[in-house]
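*Asks:* I would like the entire structure built from these sequences, with the hints used as guidance.
Residue numbers for the sequence shown follow UniProt numbering, beginning at 1 and rising by one.
What the hints contain is simulated information worked out from the structure, not anything from laboratory work.
As the structure is a prediction and not an experimental result, all values here were calculated from the model.
Among the hints, erroneous ones may be present.
To be verified - DEER-style ranges, computed between Cβ atoms:
no., residue 1, residue 2, range
1, Thr-46, Asp-182, 11 to 21 Å
2, Val-104, Asp-56, 34 to 44 Å
3, Arg-117, Pro-19, 15 to 25 Å
4, Gly-120, Ser-86, 11 to 21 Å
5, Asp-182, Glu-160, 12 to 22 Å
6, Arg-171, Arg-63, 32 to 42 Å
No residue lacks a Cβ here, since even glycine has one placed at the ideal position from N, Cα and C.
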Amino acid sequence: MALFRFPSEPPTRPLFRTPNLVLRAPQAADYSDWAMLRMESRAFLTPWEPVWNEDDLTRTSFRLRTKRAAREIASDEAYSLFIFDSRSDALLGGLTLGLVRRGVAQACTLGYWMGQRHAGKGYMTEAVRGALRFAFSDLALHRVEAACLPNNEPSRRLLERVGFQHEGVARSYLRINGVWADHLLYAALSGDHVPGDNR
Numbered sequence: 001m002a003l004f005r006f007p008s009e010p011p012t013r014p015l016f017r018t019p020n021l022v023l024r025a026p027q028a029a030d031y032s033d034w035a036m037l038r039m040e041s042r043a044f045l046t047p048w049e050p051v052w053n054e055d056d057l058t059r060t061s062f063r064l065r066t067k068r069a070a071r072e073i074a075s076d077e078a079y080s081l082f083i084f085d086s087r088s089d090a091l092l093g094g095l096t097l098g099l100v101r102r103g104v105a106q107a108c109t110l111g112y113w114m115g116q117r118h119a120g121k122g123y124m125t126e127a128v129r130g131a132l133r134f135a136f137s138d139l140a141l142h143r144v145e146a147a148c149l150p151n152n153e154p155s156r157r158l159l160e161r162v163g164f165q166h167e168g169v170a171r172s173y174l175r176i177n178g179v180w181a182d183h184l185l186y187a188a189l190s191g192d193h194v195p196g197d198n199r
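*Replies:* Have a look at this one:
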């Protein structure tokens with residue numbers, strides 16, 4: 001098991017790679033690309049995310065975000081990562097393995113977002129497959145949980161495509177776009193086969 005220990009600065013090396021992607025912690029130098037991608041994708045992302053704070057896209061807010069990500073990685077609490085195209089170095093989106101629970105649970109929760117211009121091209125499918133390998137091999141977790149809105153068909157199809165199993169419905173589970181919303185609950189276990197992953 002490879003756990004990463006960093007003081008307060010985000011790790012500069014990738015936490016993991018896939019054939020076409022690099023996933024690593026956000027760094028201060030990523031601010032402009034991140035702010036631009038989030039801003040141009042705002043209408044695309046709004047139906048699926050919590051309400052954005054007024055200062056959400058400021059450099060100060062981003063600096064706090066990078067420090068929190070580094071601290072959470074160092075303490076094995078969460079792994080908030082940016083997704084980059086390994087050929088062009090373009091920022092595509094983000095993925096988080098959060099709420100890491102050790103002890104008898106050995107589980108975490110998966111969340112993700114993709115910039116609108118990069119959506120529908122298979123990047124997130126590849127990123128989530130890589131995240132499952134990272135969670136089960138490097139972090140030695142047993143279970144990865146995910147949730148999505150019932151009407152988020154792309155997210156449902158993605159989770160099912162990479163091997164998540166539908167486990168139920170959680171009523172008023174998360175406050176999304178200002179409204180408490182029911183969510184479909186999914187999970188993948190370390191012993192499950194990840195479709196499309198031949199490693």
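*Asks:* Hints first: check each against the structure and report whether it holds.
*Replies:* Quick rundown of the hints versus the structure:
A beta carbon spacing of about 18 Å between Thr-46 and Asp-182 agrees with the range 11 to 21 Å that was offered as a hint. As the Cβ distance of Val-104 to Asp-56 is approximately 36 Å, the hint placing it in 34 to 44 Å holds. Judged by the Cβ atoms, the range 15 to 25 Å given for Arg-117 and Pro-19 holds: they are separated by roughly 21 Å. At roughly 19 Å, the beta carbons of Gly-120 and Ser-86 sit within the given window of 11 to 21 Å.
Taking the beta carbon of each, Asp-182 and Glu-160 are about 18 Å apart, inside 12 to 22 Å as hinted. Look at Arg-171 against Arg-63: about 37 Å separates their beta carbons, and that is inside 32 to 42 Å.
Comparing the model with each earlier hint shows no violations; every hint is respected.
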